[in-house]
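Peer 1: Following the hints, position chains A and D against chain Z.
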Amino acid sequence: MADKKIMTTMHEKDMQKVTAAQTVTKIIVQFLLYAFLCIMALIIVFPFYWMIISSLKSTVEYRLPIPTLFPQDIMWGNYIEAFTAANLGKLFMNTVYVGIVSTILSLVITVLSAFAFARLEFKGKNALFAGLLATMMIPGELFTITNYVTVTKFGWLDSFTVLIVPFLVSVFYIYLLRQNFLQIPNELYLAAKVDGTSDLKYLWKVMIPLSLPNLISITILKMMGAWNSYVWPRLVTSTDDYRLITNGLRDAFTDMSGQANIPVQMAAVTVVSIPLFLVFIFLRKYIMKGVSRSGIKG
Amino acid sequence: MKKFLQKIKFEEWKAWIYLAPAVALLLVFTVWPIINTLRMAFWEDYSIMKELGGTLGNEFGLKNFEKVIKYRGFIDCLKNTMLLTVLTVPISTILALVIAVCLNAIKPLQRFLQTIFFLPYVTNSIAIGMVFEAMFNIVGFGTSNPSYGIINNILGVFGADPINWINAGSGYWQNIAVLTIYIVWNALPFKILILLGGLQSVNKQYYDAAKIDSTPRLRVFTKITVPLLSPMIAYVVITGFIGGFKEYSSIVGIFGDDMQAVGGESLNTMVGYIYDALGNQEGRASAAALILFAIIFVVTMINMYVSKKKTHY
Amino acid sequence: MKKRIISFLLVLTMLMSAVAMASCSNNGEGSNEGGNNGGEQGSAKVPYDVPAEGYDGSAVTITFYHSMGAKLQGILDTYIPEFNKLYPNITVEHASQGDYDGVRDQIKTALTAGNQPNIAYCYPDHVALYNVAKAVVPLDNFIESTITVTDATGATSVLGLTAEQIADFIPGYYAEGTAFDEAGTMYTLPMSKSTEALYYNKTFFEQNNLKVPTTWEEMAQVCEQIKKIDPDCVPLGYDSEANWFITMCEQYGSDYTSLNEDAHFLFDNETNRSFVKMFHDWYVNGWVTTEEIYGSYTSGLFTATEGQKCYMVIGSTGGASYQQPPQVDGKALFETAMATPPQVNPAAPKVISQGPSLCIFKDSNPQEVVASWLFVKFLTTNVEFQAAFSMASGYAPVIKSVQQNPVYQQWLDAANGINNLTAMSVKLALSQADAYFVSPAFNGSSEARDQVGTLMQDALVSTDSNIESAIKKLFEKAVSECEYAAD
Chain Z
1 MADKKIMTTM
11 HEKDMQKVTA
21 AQTVTKIIVQ
31 FLLYAFLCIM
41 ALIIVFPFYW
51 MIISSLKSTV
61 EYRLPIPTLF
71 PQDIMWGNYI
81 EAFTAANLGK
91 LFMNTVYVGI
101 VSTILSLVIT
111 VLSAFAFARL
121 EFKGKNALFA
131 GLLATMMIPG
141 ELFTITNYVT
151 VTKFGWLDSF
161 TVLIVPFLVS
171 VFYIYLLRQN
181 FLQIPNELYL
191 AAKVDGTSDL
201 KYLWKVMIPL
211 SLPNLISITI
221 LKMMGAWNSY
231 VWPRLVTSTD
241 DYRLITNGLR
251 DAFTDMSGQA
261 NIPVQMAAVT
271 VVSIPLFLVF
281 IFLRKYIMKG
291 VSRSGIKG
Chain A
1 MKKFLQKIKF
11 EEWKAWIYLA
21 PAVALLLVFT
31 VWPIINTLRM
41 AFWEDYSIMK
51 ELGGTLGNEF
61 GLKNFEKVIK
71 YRGFIDCLKN
81 TMLLTVLTVP
91 ISTILALVIA
101 VCLNAIKPLQ
111 RFLQTIFFLP
121 YVTNSIAIGM
131 VFEAMFNIVG
141 FGTSNPSYGI
151 INNILGVFGA
161 DPINWINAGS
171 GYWQNIAVLT
181 IYIVWNALPF
191 KILILLGGLQ
201 SVNKQYYDAA
211 KIDSTPRLRV
221 FTKITVPLLS
231 PMIAYVVITG
241 FIGGFKEYSS
251 IVGIFGDDMQ
261 AVGGESLNTM
271 VGYIYDALGN
281 QEGRASAAAL
291 ILFAIIFVVT
301 MINMYVSKKK
311 THY
Chain D
1 MKKRIISFLL
11 VLTMLMSAVA
21 MASCSNNGEG
31 SNEGGNNGGE
41 QGSAKVPYDV
51 PAEGYDGSAV
61 TITFYHSMGA
71 KLQGILDTYI
81 PEFNKLYPNI
91 TVEHASQGDY
101 DGVRDQIKTA
111 LTAGNQPNIA
121 YCYPDHVALY
131 NVAKAVVPLD
141 NFIESTITVT
151 DATGATSVLG
161 LTAEQIADFI
171 PGYYAEGTAF
181 DEAGTMYTLP
191 MSKSTEALYY
201 NKTFFEQNNL
211 KVPTTWEEMA
221 QVCEQIKKID
231 PDCVPLGYDS
241 EANWFITMCE
251 QYGSDYTSLN
261 EDAHFLFDNE
271 TNRSFVKMFH
281 DWYVNGWVTT
291 EEIYGSYTSG
301 LFTATEGQKC
311 YMVIGSTGGA
321 SYQQPPQVDG
331 KALFETAMAT
341 PPQVNPAAPK
351 VISQGPSLCI
361 FKDSNPQEVV
371 ASWLFVKFLT
381 TNVEFQAAFS
391 MASGYAPVIK
401 SVQQNPVYQQ
411 WLDAANGINN
421 LTAMSVKLAL
431 SQADAYFVSP
441 AFNGSSEARD
451 QVGTLMQDAL
461 VSTDSNIESA
471 IKKLFEKAVS
481 ECEYAAD
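Chains as they are written, first to last, in our numbering: chain Z, 1 to 298; chain A, 1 to 313; chain D, 1 to 487.
Hints listed in this document are in silico derivations from the structure and should not be mistaken for laboratory results. Backbone N, C-alpha and C fix where the C-beta goes; we use that ideal spot for every residue, glycine too. Hints may contain errors.
Claimed, not checked - With a straight-line Cα cutoff of 25 Å, these simulated DSS-like cross-link-like pairs (lysine-lysine) come out:
#: 1; chain 1: D; residue 1: Lys202; chain 2: D; residue 2: Lys309
#: 2; chain 1: D; residue 1: Lys400; chain 2: D; residue 2: Lys309
#: 3; chain 1: Z; residue 1: Lys123; chain 2: A; residue 2: Lys14
#: 4; chain 1: D; residue 1: Lys477; chain 2: A; residue 2: Lys79
What the hints assert, rightly or not - What follows is a list of derived Cβ distance ranges for each label pair:
#: 5; chain 1: Z; residue 1: Ile28; chain 2: A; residue 2: Val157; range: 20 to 26 Å
#: 6; chain 1: A; residue 1: Met82; chain 2: D; residue 2: Ile229; range: 34 to 40 Å
#: 7; chain 1: D; residue 1: Thr271; chain 2: Z; residue 2: Phe154; range: 54 to 60 Å
#: 8; chain 1: Z; residue 1: Lys26; chain 2: A; residue 2: Pro162; range: 37 to 43 Å
#: 9; chain 1: D; residue 1: Val383; chain 2: Z; residue 2: Phe277; range: 28 to 34 Å
#: 10; chain 1: Z; residue 1: Thr59; chain 2: D; residue 2: Val383; range: 18 to 24 Å
#: 11; chain 1: A; residue 1: Phe10; chain 2: Z; residue 2: Phe154; range: 31 to 37 Å
So here's chain Z without its partners, still in its complex pose (with noise of 0.2 Å):
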């Protein structure tokens, strides 16, 4: 209902400049995207407040044929036991840390990667280019084996650095901010060369400027990542001082016939997830920045 005392306002605004008729059109265009957003929404965030729903349901009422919408007891105890049950501060911090060391880094590779594609000409560019493309049509999973193998005759084992290096180049990023790149007008980069302009410096202070919003996107993901891997971790540390998050939230929980503590583990999901909910409310403003700041320059 908020929505139509602020539609009311713009209304009330807009009354001088246009015709009453086309300020109908425009309530009802505004409501049809407000309805339409509205249900996407509600269908995006189920899962969400699904998560949080179940860490307050006991086992017994989890395990129910028919799955309650609201928890009948709210089992604050699940918050407790998932506090205690597991060395979740130490694998969050492990986390932060290959998130941001590894993000850093690879914004670093993707950049001069992406520059270098989009702007410099070189001998079997497009081939290059190509190759690159063709890596990603690969199924993952038959590297790891390999990549195994490789790490363990490195030393990496156990080790920040077997965590963060082999995921540093992502063929994606490379691609995607090519592609931001390419938009940027060439004139740009011909007439900074001119004035002498370093490359670096025509980077730093002209592309990335200009295609913030998809670094801010591969932050995202790249944070992401560090948040939802598993198997390589768990494969590549043998220690909670290497491995990450989701080691611990996917193996504190089990039985012994690997049945996991449901409410519990979505307990300790949604504990950890607050922290990484705050950094994307605080990175949006960012992305606004960047926003504006590409209105100034074009």
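Peer 2: This is chains A and D only, laid out in the frame that chain Z set:
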């Protein structure tokens, strides 16, 4: 030799220096595994355990490929893979585009809704699989008083009969429908993020010009938004196709490890097959991966060719 | 466009030539190993050279991969110091790998880099896989070893197992270690076990004067009676279709699988087809459902307070706490009781056993292998550890003498069908000690298990008008899938 070096332009050196870290890492962690995959694919009856145990023969050839192609479920895997890709990529791309454009067009609540559309990222995958099952599930199907999941309840509001989506005896197309919804749902946040990012870096002058001319909205969308966004759209479509061909985790998420509804047809996909074979038939898994690679390669080339013609830089 | 394709082809050729090189070098290694390990076939048990000095007291670190949650790791952590009181120079490190499959995948990958742990949780199927790589230490020479070991307290004992220790193991569990070849080479020792039990609603059974079924015929009668009392219910829920099929084969004495390499998959036979047909009819009558078919946990059906219910569940003793009756205002709505699942021949009952065993991996340092053996021996024969682990996990201990432990006895005595089903389930598991059987384990046996589970599901819900031929087809498909996977 000297002459040759002189010939290479300064810019080329520069390009290779910029690319050096990426190329070096790719050589070690991507190209080498691919080479190893080729080795396993052409080594007859290859399995790592056999190699370690010293019971592996020394025959090289196409036997692994033959085993894959002659497998009775292979055509099913191929069909399911193709079908899911062809269904999900257009649906998810168009839906994401519409949502991104709508989000970009509103002022109040924009921040709030953006945050909502981001939530799937912080929702753990364990929760997502569970919720989808619960939404489509029918508990006690075939018994006297079944209880329907949310989706069937919503259908009931519109007077439709409940549909057996995923339970015992459910049909192939119902299964595919659920998978399509799941995959589209899963792909949406990423695509919205990319397209919204693209939209927000689009130069506002174009829109201002359109406003002055009072161009109709639909025309603005097709003549300005879509062309300006075309690089981003090309990106999500091409990567969407590649991702679609590699689909399998969604099926495991809903239908379990054996990838079939109870009493239903096999829903296995190419990557599902590869994953199974990785258990102890790495040679076959590698051969199947190369077959899949060949398919994706051809499709991507077609995609790139089309997008090059249509993309507006 | 053309250029791109050509260049890609060039890259491909390059890769191919690299492959040829890579494979050459690997060939060499392969044939070498083949030479070392040759001649291990035949019907003699696979030997292992136990170091003549036994454990020489040297400092070694051994690693143990398992799938214990935080709680069970806590138990393990309190008993490792106990072990170190005897052998202070053996450092035990351990790590959870998620679940059983996680342990298997981890070890399979680790083997490729020669980086395997010393000890691991295992199921017979996993050991069969590791055996292809000849990576598992056969235990017979350790078990029989009479080498004297002196521990840090100054006490001496034999390195192997004494006759009393072997006799203390529950025979069915111990025999699982010999399921891998025809000679009966022992590859594993049992760690902690569960089995299947028939859970039933005791209150309902008493109210309606029903007899707890001991045979499948009786089960059919009881289902029919219950269906008359409560037409809306599904009388029986069976959790695992694969267990069901395999147990039925064992009870009928019909073929399931064999260790014979030319004929591994024998389950497509008349007896098996007929019991599948019988259970299909039960499903059609609305007598039985499974977790997969029903669409939710059968324990949820068993403990439901409203709507549809079931009054019997055949499921793992490890999941006993889920069959606990619901309570309203602190009063349980009914009482759960447990019994041995129905049998073809109740005089010679057969029930499946599940749960982890322990295996030891080969290592370049023989002292690590000996130290691992000492730790495995400690975990499987130490009464206090077995008791503590059983109480924490709800799984049965693998040695009989645990039942004489006073703390454990007390724990067992507290069993009841209202709020302590865990102890009750362990009690039942212990009472079925003579009924456990072992299925052959070979490379491909896990596929057989998966396939018969799927077969059972599909056959139960089949709506084909000619059910006999539909079942026949399902059997043929399952066998051909098994043979493809093992080929």
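Peer 1: Output the indices of the hints that this structure fails to meet, ascending.
Peer 2: 2, 6, 9 and 10
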